[in-house]
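These are the residues of each chain, in order.
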Amino acid sequence: MMDLFDTAQTRKLFPYFCSGNRGANVYFDNAATTHKPSSVISRISDFYTQENSNIHRGVYELGMSATDQYESTRKLIHEFIGSNSAKEIVLTSGATESVNLVAQTYGKKFVKKGDIILVSPIEHHANLIPWQVIAKENGAKIKEIPISKDLTINFDELDSVLSEKVKLIAINHVSNVTGMSQDIGLLVKSCKKFKIPVFVDGAQAGSHIKINVSELGCDFYCFSGHKLFGPTGTGALFIKEEFMREMPPYKTGGQMVSKVGFQDSTWTDYPLKFEAGTPNIAGIIGLGEAIKFIQNIDFQQLASYENYLSVLMTEKLAEVPFLELYGNSKKAAPIFAFNIKNIHHYDLAALLSENGVLVRSGHLCNQSLMDFLNIDGCVRASLSIYNSEEEVYNFIQALKKVVKFLSKSV
Amino acid sequence: MMDLFDTAQTRKLFPYFCSGNRGANVYFDNAATTHKPSSVISRISDFYTQENSNIHRGVYELGMSATDQYESTRKLIHEFIGSNSAKEIVLTSGATESVNLVAQTYGKKFVKKGDIILVSPIEHHANLIPWQVIAKENGAKIKEIPISKDLTINFDELDSVLSEKVKLIAINHVSNVTGMSQDIGLLVKSCKKFKIPVFVDGAQAGSHIKINVSELGCDFYCFSGHKLFGPTGTGALFIKEEFMREMPPYKTGGQMVSKVGFQDSTWTDYPLKFEAGTPNIAGIIGLGEAIKFIQNIDFQQLASYENYLSVLMTEKLAEVPFLELYGNSKKAAPIFAFNIKNIHHYDLAALLSENGVLVRSGHLCNQSLMDFLNIDGCVRASLSIYNSEEEVYNFIQALKKVVKFLSKSV
Amino acid sequence: MKNRIKQIISDFSLFESWEDKYEHLIEFGQELLEVDNKSLRSDSNLIHGCQSKVWLFCRAENKKLYFYADSDALITKGLVAIIVFIYSGASAAEIIKEKTDVFLSIGLRKKLSMNRSNGLDMMLEKVNDCALNYLKNEK
Amino acid sequence: MKNRIKQIISDFSLFESWEDKYEHLIEFGQELLEVDNKSLRSDSNLIHGCQSKVWLFCRAENKKLYFYADSDALITKGLVAIIVFIYSGASAAEIIKEKTDVFLSIGLRKKLSMNRSNGLDMMLEKVNDCALNYLKNEK
Ligand SMILES: Cc1ncc(COP(=O)(O)O)c(C=O)c1O
Ligand SMILES: Cc1ncc(COP(=O)(O)O)c(C=O)c1O
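Which chain is which? The protein sequence lines are P, S, A and U, in order.
Numbering-wise (our numbering), the first sequence opens with residue 1 and increments by one.
Numbering-wise (our numbering), the second sequence opens with residue 1 and increments by one.
Numbering-wise (our numbering), the third sequence opens with residue 1 and increments by one.
Numbering-wise (our numbering), the fourth sequence opens with residue 1 and increments by one.
These are calculated hints, taken from the structure and not from any lab test.
The structure displayed is predicted, hence computed values, not measured ones.
Cβ atoms here follow ideal geometry from the backbone N, Cα and C, with glycine treated the same way.
Incorrect hints may appear among the rest.
[Claimed, not checked] Under the rule of at most 20 Å between Cα atoms (straight-line distance), these lysine to aspartate or glutamate pairs were calculated in the DMTMM-like manner:
1) Lys136/A with Glu61/A
2) Lys112/S with Glu137/S
3) Lys189/P with Glu137/P
4) Lys87/S with Glu125/U
5) Lys165/P with Glu137/P
6) Lys113/S with Glu137/P
7) Lys408/S with Glu27/A
8) Lys87/P with Glu27/A
9) Lys192/S with Asp115/S
10) Lys53/U with Asp371/P
11) Lys259/S with Asp43/U
12) Lys400/P with Glu19/U
13) Lys259/S with Asp371/P
14) Lys408/S with Asp72/A
15) Lys12/S with Glu51/P
16) Lys292/P with Glu79/P
17) Lys112/P with Glu144/P
18) Lys401/S with Asp20/A
19) Lys139/U with Asp129/U
20) Lys401/P with Glu19/U
21) Lys404/S with Glu319/S
22) Lys404/P with Glu23/U
23) Lys408/P with Glu31/U
24) Lys408/P with Asp20/U
25) Lys341/S with Asp72/A
26) Lys408/S with Glu34/A
27) Lys141/S with Asp264/P
28) Lys109/P with Glu137/S
[To be verified] Rough simulated footprint, nothing fancy, chain P against chain S, three-plus residues with beta-carbon under 8 Å:
29) 38-44
30) 49-59
31) 227-237
32) 261-270
33) 277-285
34) 365-376
Kindly generate the complete structure, drawing on both the sequences and the hints.
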């Protein structure tokens, strides 16, 4: 087990921080992507160097071993998120592909004319637009999950939008803007009456909280590898077995077929039915290492370390005049979105970068949350396990300096 | 420039061949995936170690440099395949995704009820099933491009299947079974009369012949990175600009939108409109290195070296009794598919593997070609630039040994 | 069944070279299973998705299950013959309980499994399904 | 135009620290461009897809093009002011021919371009489009 309070130790596991200038910057854009531990990086190199092969089809040992490795990531993810079996895990290229997959398979088949898809008004574009598209294609409607001012589901009003017409409800587990989490368990319970399947976008969850899809009771759950210390171009999608069976395939091509005629083809069994063509083999094998890395973290300690950082951040941000922080302090992840009165978020972020602090600004791919907050953008600082108390101080110092600089000019 | 006739030298560029036991095997499954030069492998490690960042959105230099690198792969591919501009290149996860993308965007919009998609009866599943799916979805029909006994397009009969009803014609550039190429230029000319767009599956082409989409005149062209000395989970799709403009997006989500409302969104300009979410950044950057690697090859020398290997293979295979080779010897790529009378292809491949020769067997994801040849499968040996004369001899020796062994038992 | 498993393992332990091992495997298949068993070779007995064709059929008699199989490839025929040999004559309950991986023990699993070309896993799955079905119908 | 480009480059070469450079950039924007130019701030002048809003408008007079711009962010306003300063008063043909990358020369390109947040490339594209359109309409 790692001791997360010893950040110097943690950082040693991530070669990025030992790689000169850039590593010395304060990297607070972890919600965009995290850095990778050396185990992940070297797993990919080793694969290409010693084990490179296509999978699922070779009759030689090299190919079987690659298949084995690839499939073992599926098993690791199954264990990591607590699904009933590895068969419930589809390996994808990321959260975006996962949402599109469900929209274009489950959605295509089961969302009919006049039906409703409920989406919260505070979703990342990846968990909104694919639903808009399938709703339009099938003549269904998108409606809002009621959200309270505190940015969590308004359970008092939820019942009023639930009905048999609702064929799916899509929501994030942890917000990419505020770091706040939704009560998925309660949502699932509320949806039981009408048997509404619940789709959870967990892109921001896995590196901060323990995911357990069986406990949550949701029907779909997805995440991206690259936000979870894993490689880009990888992701996973949990689909409850009963849906797996019924869903048509997404992409088609090699590997996912059982019988092919010139006019017609039949599909192989799930989950491979959803994995057409040569996948990101090296990436998925690298993702397995990332999962092992996370499983070596004590999630209780993670919570207390991240909470420690969050309390510090909240305290220090409060010292900056005219700063408005979005979302409340009960965070599941140390993600902080804010604006400073009369200063443009772009100016802030650009000058923070000049001061060695890397944050994001803009709508954060979450236009509807911006609309909800009635802002056109904000600055986001998102922390991860390797960020230190010292970096929080440096960030605040740079922020104050930049604010002072920009205030002169207004 | 590399001297391809000096295979010992070429192999030194590929760490796989220097990595002990496995590297000593005769790897003749290059049509499944090629090995990677060290420049590709280390580019990926270096990216994760020193340059890791998400792209297209960061206001800090780290993110801009990653964006730069990612976009420079697009430019390299544009130059590599001779498109009119880098804007005509969509970066995908592979050939399979590329075909699905065109089927579900161009096909979805332009293939109407009663229309026809022409597909050759000798296509890899990836270039057949996506067309079956969209044809079925839109009430169109799949019909065969007439193919002669010699496995090339029968241009005498082609005219009889062309009409205004044909909305797309899909064909491989180089066959994954026989290594033979189709005359795309002539096909494009024949299709002019009815303005039929031509989709070319170039998955097996790029590592063997010079691709030039402007000369071919085709409208769509795709390939996978992993068959071109590049990383898994990467690929490219050329789309002529006139189609780019008209095609709706494929996956939706972050990065590819311009305005997002809760009910409706509008898309950003092509090619980014087709690249939703975080792509396989490290993979695509690695693919750029693979393209640079290939551009360092003299394609004339490549043709003569591969021809030299092909002649040798053909000669030596002819020595094996009862061996039937599919396709003629005029190969664009050194890919050899065969059967031996009364011996099952699986038994052959499995025992070749015991003798250190790695080949593939079965339907090779090309069931319709198997049907066309009236066989249920075959053995395929596919060579690449790092394979040597000596390996051809070792392969033939092992083949003869295995045939002798199996003949005893029949 | 335990004895038959032991017998297979000890038989195969005699062979070291691939030639000897595969010769034994192929002979085992050819001796145990009929040649080109026409009645077996029906679509309903076919295990789909393997590169070589494998037909597997199960019959119950006196609360024991009996297996019959064939394949068009020699190696696959040897593999399925081992399965037939081991599981035929066992009870459904015994079959379900049995967790020994013979193919691992005789050194063939690493070489031949974890992929769909020979369908080893699918054969074992079918044997298991047969046993589960039998138990279900019994009730 | 060449002289104006030279002037910008030599102006900016005086500054070394980020504070001085950005201070100059921001002041340049505030001095050259009107504050909150309401008539400019219309949807038709908006350059879409940037993180900060940029409005850019072009007018022709005596075969010369004149540019007017505004932005809601200070840095972006400075950037677009440089563009306005350089290209205003030049002919369409001159604009299209001009290939100097001022922003590279003053050390801001690496920091600020190649991404959609400030829309630098989109501004330059719009200027170029204006010139192309002018030439097309002239014919
Ligand atoms: C909440 C949320 N959902 C979905 C995504 C999309 O993830 P990706 O870009 O990896 O597909 C992100 C990442 O930006 C996210 O934060
Ligand atoms: C001709 C052809 N087309 C398409 C494909 C599919 O490529 P991928 O699996 O990389 O998507 C292949 C690879 O097997 C191929 O050989």
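For each hint, the structure was consulted:
1. Lys136/A with Glu61/A: holds (16 Å)
2. Lys112/S with Glu137/S: holds (10 Å)
3. Lys189/P with Glu137/P: It is violated: about 29 Å lies between the C-alpha atoms, which goes past 20 Å.
4. Lys87/S with Glu125/U: holds (15 Å)
5. Lys165/P with Glu137/P: Answer holds: Lys165/P to Glu137/P is near 17 Å, not above 20 Å.
6. Lys113/S with Glu137/P: With a Cα-Cα distance of about 17 Å, the restraint between Lys113/S and Glu137/P holds, given a limit of 20 Å.
7. Lys408/S with Glu27/A: holds (11 Å)
8. Lys87/P with Glu27/A: violated (36 Å)
9. Lys192/S with Asp115/S: Given that 20 Å is the threshold and the Cα spacing comes to 17 Å, the pair holds.
10. Lys53/U with Asp371/P: Holds - the C-alpha atoms of Asp371/P and Lys53/U are around 16 Å apart, at most 20 Å.
11. Lys259/S with Asp43/U: Measuring from Cα to Cα gives roughly 13 Å; hence the hint holds.
12. Lys400/P with Glu19/U: It holds: about 14 Å lies between the C-alpha atoms, which stays within 20 Å.
13. Lys259/S with Asp371/P: holds (12 Å)
14. Lys408/S with Asp72/A: Holds, because 16 Å separates the two Cα atoms, which is no more than 20 Å.
15. Lys12/S with Glu51/P: Judged against 20 Å, a Cα distance of about 17 Å means the pair holds.
16. Lys292/P with Glu79/P: With a Cα-Cα distance of about 11 Å, the restraint between Lys292/P and Glu79/P holds, given a limit of 20 Å.
17. Lys112/P with Glu144/P: With Cα atoms ~18 Å apart, Lys112/P and Glu144/P stay inside 20 Å; holds.
18. Lys401/S with Asp20/A: The given pair, whose Cα atoms are some 14 Å apart, holds under the 20 Å limit.
19. Lys139/U with Asp129/U: Given that 20 Å is the threshold and the Cα spacing comes to 16 Å, the pair holds.
20. Lys401/P with Glu19/U: Cα-Cα ~10 Å, so holds.
21. Lys404/S with Glu319/S: Since the Cα atoms of Lys404/S and Glu319/S sit roughly 13 Å apart, the hinted pair holds (cutoff 20 Å).
22. Lys404/P with Glu23/U: Given pair Lys404/P, Glu23/U holds - Cα atoms ~12 Å apart, limit 20 Å.
23. Lys408/P with Glu31/U: Cα-Cα ~15 Å, so holds.
24. Lys408/P with Asp20/U: Holds, at roughly 13 Å.
25. Lys341/S with Asp72/A: Holds: Lys341/S and Asp72/A sit about 13 Å apart, inside 20 Å.
26. Lys408/S with Glu34/A: holds (18 Å)
27. Lys141/S with Asp264/P: holds (11 Å)
28. Lys109/P with Glu137/S: holds (12 Å)
29. 38-44: With 4 residues close enough to chain P, the hint holds.
30. 49-59: Coverage by chain P holds for the region 49-59 of chain S (9 residues, Cβ < 8 Å).
31. 227-237: It holds: at least three residues are needed, and the region 227-237 of chain S offers 4 whose Cβ sits within less than 8 Å of chain P.
32. 261-270: Answer holds; 5 residues pass the 8 Å Cβ test.
33. 277-285: Result for this restraint: holds, n = 7.
34. 365-376: Holds: 4 residues of the region 365-376 of chain S have a Cβ under 8 Å from chain P.
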